[in-house]
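Could you slot chain B onto chain A? The hints should help.
As a plain string of letters, each chain reads:
Number of protein chains: 2
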Amino acid sequence: MADVMPSTRQFTITPIDGGITSPTGFRSAAVHSGIKAKPGALDLAVLAVDTFASMAALFTTNLAQAAPVLVSKRHLEVTHGVGCAIVVNSGCANACTGDNGLANAVTMASEVAADLGCEPEQVLVASTGVIGVGLKMDRLVPGIHAACTSLAHGNAGEAARAIMTTDPFPKEHAVRVDTAQGSFSVGGMAKGSGMIEPNMATMLGFLTTDAQATPAMLHRALVASARDTFNAITVDGECSTNDSLFAMASGTSGVVITEELYPALLEGLLAVSRNLALGIVRGGEGATRMIAVTVRNARTTDDARQVARTIANSPLVKTAVHGADPNWGRIVAAAGRAGVRFDIGRATVHIGGILLFENGLPHDDAAPRAAEILTRDAVDIEVSLGAGDAAATIWGCDLSAEYVRINGEYRT
Amino acid sequence: MADVMPSTRQFTITPIDGGITSPTGFRSAAVHSGIKAKPGALDLAVLAVDTFASMAALFTTNLAQAAPVLVSKRHLEVTHGVGCAIVVNSGCANACTGDNGLANAVTMASEVAADLGCEPEQVLVASTGVIGVGLKMDRLVPGIHAACTSLAHGNAGEAARAIMTTDPFPKEHAVRVDTAQGSFSVGGMAKGSGMIEPNMATMLGFLTTDAQATPAMLHRALVASARDTFNAITVDGECSTNDSLFAMASGTSGVVITEELYPALLEGLLAVSRNLALGIVRGGEGATRMIAVTVRNARTTDDARQVARTIANSPLVKTAVHGADPNWGRIVAAAGRAGVRFDIGRATVHIGGILLFENGLPHDDAAPRAAEILTRDAVDIEVSLGAGDAAATIWGCDLSAEYVRINGEYRT
Chain A
1 MADVMPSTRQ FTITPIDGGI TSPTGFRSAA VHSGIKAKPG ALDLAVLAVD TFASMAALFT
61 TNLAQAAPVL VSKRHLEVTH GVGCAIVVNS GCANACTGDN GLANAVTMAS EVAADLGCEP
121 EQVLVASTGV IGVGLKMDRL VPGIHAACTS LAHGNAGEAA RAIMTTDPFP KEHAVRVDTA
181 QGSFSVGGMA KGSGMIEPNM ATMLGFLTTD AQATPAMLHR ALVASARDTF NAITVDGECS
241 TNDSLFAMAS GTSGVVITEE LYPALLEGLL AVSRNLALGI VRGGEGATRM IAVTVRNART
301 TDDARQVART IANSPLVKTA VHGADPNWGR IVAAAGRAGV RFDIGRATVH IGGILLFENG
361 LPHDDAAPRA AEILTRDAVD IEVSLGAGDA AATIWGCDLS AEYVRINGEY RT
Chain B
1001 MADVMPSTRQ FTITPIDGGI TSPTGFRSAA VHSGIKAKPG ALDLAVLAVD TFASMAALFT
1061 TNLAQAAPVL VSKRHLEVTH GVGCAIVVNS GCANACTGDN GLANAVTMAS EVAADLGCEP
1121 EQVLVASTGV IGVGLKMDRL VPGIHAACTS LAHGNAGEAA RAIMTTDPFP KEHAVRVDTA
1181 QGSFSVGGMA KGSGMIEPNM ATMLGFLTTD AQATPAMLHR ALVASARDTF NAITVDGECS
1241 TNDSLFAMAS GTSGVVITEE LYPALLEGLL AVSRNLALGI VRGGEGATRM IAVTVRNART
1301 TDDARQVART IANSPLVKTA VHGADPNWGR IVAAAGRAGV RFDIGRATVH IGGILLFENG
1361 LPHDDAAPRA AEILTRDAVD IEVSLGAGDA AATIWGCDLS AEYVRINGEY RT
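Chains as they are written, first to last, in this note's numbering: chain A, 1 to 412; chain B, 1001 to 1412.
This is chain A alone, in the form it adopts within the complex (with noise of 0.2 Å):
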């Protein structure tokens, strides 16, 4: 957001209906392969372009990856990031699933790409479910077929239904894009982590547009949306096997992003992303509030990223804000112990826009109000640092008992 300047806008964003194919140019299709055991349950999805789409995507940073992250990754690099189509899956993450795992992954591709008229490299592969059980092939190739036989424009809706696990809601969105060049689309769908399941804690990400652009200007545009979005929110500071967001360019409306509209693709993604972003937050495991933790006046950007991160991770912040305590003590404490340097007796904290800490020196006959306002769903909480001029937001949600009870209840 931060290379945007208002004042310097060629184009105006608008909300519109829809998802992932409310940009022209997409296809989609979710059918119940059998993967969940419930009947009727979505647990598959393809995304396709009618013609060839330019691809990008980022992927977890952890070292256990799943096969489906593998296979998409050199299926881009092969590629050069121009593609086809997406196939995902849900109630099986295939992570820590070997050799055959990869070999799953693959035919996942394959058979898309057969149906498509592809090659198996053009189509890009995600699962989210349970860690270290095999995909049941004999279940998942018929839903493929079944899929891509059924790939349509007006049904994104239960693609992003598809793709949840134990989300408690499906997570879509999309924008419209005026430019003076003329006008594209942007649209969107994701699932969050909601690990009431064993081992599910996966983040996936669709994007689509209709813009004409590169795979670089792509990839380019989606790392800088990531940055203050998807890479913005913590749920419990974990990070999963299968992390994944995707995004396609179809090249449909016919409008091109040179580096002059590249803010307005930028702009674009940024709108859908965040609405993903924020509902990803407010639909984590236990969650009753919404925490943006935002830090101003620190040195760099990445000072104020690392300051917002620890407030927001913090167990003792977490669990105060799911108590409506005003407990600026607490806050203070994560922001000394984030690793980065200031001066505590330059430092403010606000909660609710509640100055609650000043000068090395509680407000506290200011603590009724800001308790008022932590009873809200949705809870700010500004620190600043008093040593530069960068700021950052990262979001998060309150630490509750549902929690615990998810993640500690379990099968085996």
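Just so you know, not all the hints are guaranteed correct.
Claimed, not checked - A partial selection of chain B residues facing chain A, derived with a Cβ cut-off under 8 Å:
hint, residue
1, 1236
2, 1240
3, 1315
4, 1320
5, 1323
What the hints assert, rightly or not - Have a look at the derived ranges for each label pair, beta carbon to beta carbon:
hint, chain 1, residue 1, chain 2, residue 2, range
6, B, 1254, A, 61, 49 to 59 Å
7, A, 388, B, 1134, 25 to 35 Å
8, B, 1368, A, 70, 23 to 33 Å
9, A, 353, B, 1378, 40 to 50 Å
10, A, 302, B, 1353, 39 to 49 Å
11, B, 1168, A, 302, 37 to 47 Å
What the hints assert, rightly or not - Covered by chain B, according to a simulated footprint, are these stretches of chain A (three or more residues, beta-carbon under 8 Å):
hint, region
12, 325-333
13, 351-362
14, 392-403
Simulated from the structure, these hints should not be mistaken for laboratory data. Just so you know, even glycine gets a beta-carbon here, dropped at the ideal spot from N, CA and C.
What follows is chain B alone, placed relative to chain A:
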């Protein structure tokens, strides 16, 4: 421990009764000064040496350091580590209290010094309790005088109780070290982070010995022993404004700690520190089980520590252990995001000695036996990285709904 090989040991270590006054040359006293509201609750302790002691201390790395931490640091500098007493109160952390707080911490030291006939700078200060609230000096100063007039050799147990905030039990320990050059003792007491009351998150540790060691030698042994004990435990990854670990050597045993005897001093400190540190973990808020995470076959000890710490702090691993779930997938995922390079395919995961993950694949048939082991009070998690031969252990505890209740239910 790595620098002391059992085969070269010229000494034996035997647990003995008592705590900080088990080594000769020390006296202590504890009183109810009125900082804690509960009538009669001990809230002030003085630990004094009969003549003078070598002193060393380690303090919180948090940028937000409480007044007693700042004052103790300065006093240690001024005296080059020769002192006569430590005064500590519970119920009020004297943190985020500005210049007034600094003046109060200095007063605590000078009142003790006046009573004992030494310089104010020869007294160190510690506080634990609520952040952002000033000390009630009209209660504390009479309490200090009462304590200084009742110093005795035999009442270490009362001091161990006086430093508690919401710890479920007092923590003290002592050992005798027998060497060819004579015998000396090491004693200690500590408090953990109960945090049932607001803003409390402090670890305080006090170690005494009647060995004769220079301040520099004592500091070196304190740093080395803390690394594998007090600095190898985690309850919730938080680091407080007041964390302090003190050591005093009276020298009254007549055993002079030379380079040759340094390992005996180190092992004595380690034995007492390990006992106290594990007591803090067992008394962690809401903890129902202790978790020892050992990472082996890492390239470096730092790598091993980093991976072990990430696993021990992972909310998903902690909730899994709470639910007696042998969830190796969460352990692998936490190791994978620890920022240390290793090959997942060469890693193994054991829970309670049961192999659950090897060659990138699970051993799910062993899960029921591991689940059985996870119902015990103390649980071993062992991860081998297959990258070298360094190892480290971090001790933590499970995450329970009780932790959320304790830290979410609140005053204001």
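Name the hints, by number, that the structure is in violation of. Violated hints: none at all, because every hint is consistent with the structure.
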